[in-house]
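Q: So the chains spell out like this:
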Amino acid sequence: MRVRSTQSGRWQQVPAGVRDYAAPDAARHSALAASVRSEFMRWGYAEVRTPPVEYLETIVRGAGAGIQDHLFKIVDTGGELLVLRPEMTVPIARLAATRLLLQAAGPLRLSYVADVFRGQDEGRTQLRAFTQAGVELLGEGTLDADAEVIALAATCLRRAGVPDAVVHVGHLGFLDDLLAALPAETQDEIRARLYRKEFAGIEHAIPDPSLAGLLRLLPDLHGDDAVTRATPFATSARSRAALADLETLMARLRDYGLADIVRFDLSIIRDFSYYTGVVFEAYGAGSGYPLAGGGRYDTLLGRFGAECPATGFALGLDRVLSVLPTDGDVSIAVVLVADPSQRPEAIQIATDLRRRGVSVLILGATAEAPITAQRNSYRWVVRMTVDGIVLQDMRTETQRLVDRATLIAVLGTPSGDRVSEWTR
Amino acid sequence: MDPLTLAIPTGRLFADTCALLQRVGWLAAVPTERTLVLPASDGRRVLIAKPADILTYVEQGAADAGIVGKDMLLEQERDVYELVDLGFGSCRGVVALPEAQQERWRQPGTLLRIATKYPRLTTRFFERERRPVEIVQLHGSVELAPRVGLADGIVDLVMTGQTLRDNLLAEVAEVFQSSARLVVNRVSLRTKAAVVQPLVEQTKRTATIRAPVTAAPTTRPTAEGDR
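Going down the list, the protein sequences come from chains H and U. Last residue of the first sequence: 1719 in this note's numbering, with the numbers rising by one and none dropped. Last residue of the second sequence: 910 in this note's numbering, with the numbers rising by one and none dropped.
Any given hint might turn out to be false.
[What the hints assert, rightly or not] For lysine to aspartate or glutamate, the following DMTMM-like pairs were computed, each having C-alpha atoms within a straight-line distance of at most 25 Å:
#	chain 1	residue 1	chain 2	residue 2
1	U	Lys875	H	Glu1542
2	H	Lys1368	U	Asp762
3	U	Lys875	H	Glu1493
4	U	Lys875	H	Asp1483
5	H	Lys1368	U	Glu810
Simulated from the structure, these hints should not be mistaken for laboratory data. Computed from a predicted structure; not experimentally measured.
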């Protein structure tokens, strides 16, 4: 098949910021989603699905008015404003507060893998529709809950094979409480600047020399000694408690065997109106954006009528994929080549192999088979000939004559290593 | 040591940026603006790009850090850390109208067609002032627009005011102030702290020594307007 390229019309394109997934991208995407899903399940997080559209009112109630500029909006038939969900925490908070928590006997552990949508500016290369995978732990205000969620995020990244994965953990309570002592007007300005990450000259906007010193230091306040360096600035009970919490949390994360992947980071500033305590972000080599982020949001569920402590994280599936190596994706797969007369036997072999979990493609034309195998990164070509069955290894470019039982035994073996041993 | 890539802008800020990098030991000699990538010592790399592209490189992590005018930060609102006011490249963004039509600014209800490289900043400024505006986005030689009837006035950078005078324009309002800034990618700030932090400290020190900085009108009279 050949697609004739003509003058490009709308019908040939997709809107800005969204994309198609074909092989092998779609397969990699699904495989990562499956790996993350099974990890969530292993930690006892039950999957939930919410509708892709919500009322604008719901999202604004949860995430604040500032989110309105970043939404895909739809006008419903009755004139009601709907939005495509920009993330999953608010929809899950709505679901939990209005239904699930009413029936729950204890803390709720919920997970999701879902497409989310943002109305980002034109000219930016960020995707406007992408997949997030994450969990929410509702009804537990303890540091153990924070540690569990962070450990789960770190485990997912490690299991996915993210190169140089690190998780930076901070606490909003530390800075929030120190800022709360400022006059309202100064406080608003400083928070706005911190949110924009505008640190140049920030200290000049603050009368208090200790706080000014802290803000000058803040972008560098991460690493093993971050809490020690922050301690002199912790002048209030709540800010001291935040630092103590971080130490406790870090000890707990060491229990999870994650000492080498987690770091203190008091410079993490996520939206103050949403997060309330421990916050974290995960990074990996090869991405200028965080791969995952999350933290404690103890006031969100209250906005939906059920006061309840909560923590969670979301992982950007597409961002994680972008840093994973693309090689090594090939599973054992077979192209089976047969004349019309040999088709019945070929179908029997294919059925046998598929039952053993091997993917098999049956082809008629001999000349095309190796090309098809190469294009689809299939490893094996099996040819039914008058002399018998010829098994060709595309990787080593060797071939040999085998009988049917050997073929099934070899290709149907779950371990690829045994196959390669045999061909050597 | 992790390699570090620093993106620096061509144009208005180029000479001062190179001088700064020489002082902090990042560059041995001043490169020509047409170079694209300069390998510096210790796995450090300097990348030369258009001023309007610097923040794209840094936001996406193709460059770990960058030097860019505050005007671009205000216009583009990218997710990067703005860490140091480097002090040089001081200038102001202003609304300017033809000298013969200054009275139009005193009638806030008048719709003005404004040519600019800063559509977002201009829109926001006119909204704040509650004045109606129509924006004509240009990429250079903005001061030409009123002369040929493309626009009623302009919003552009001014250092000495000479370009405005040459084109029979006069300032009616200030929109923003700008100078060069050191910006850092949010991931590089953390994962490459051992290399980023010394750069931040060095540039901060150099900026402090030079401060307070005033624009030097006589040295580069033709460089106005970020062409």
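Q: May I ask which of the numbered hints given earlier this structure violates, with the numbers listed in increasing order?
A: 4
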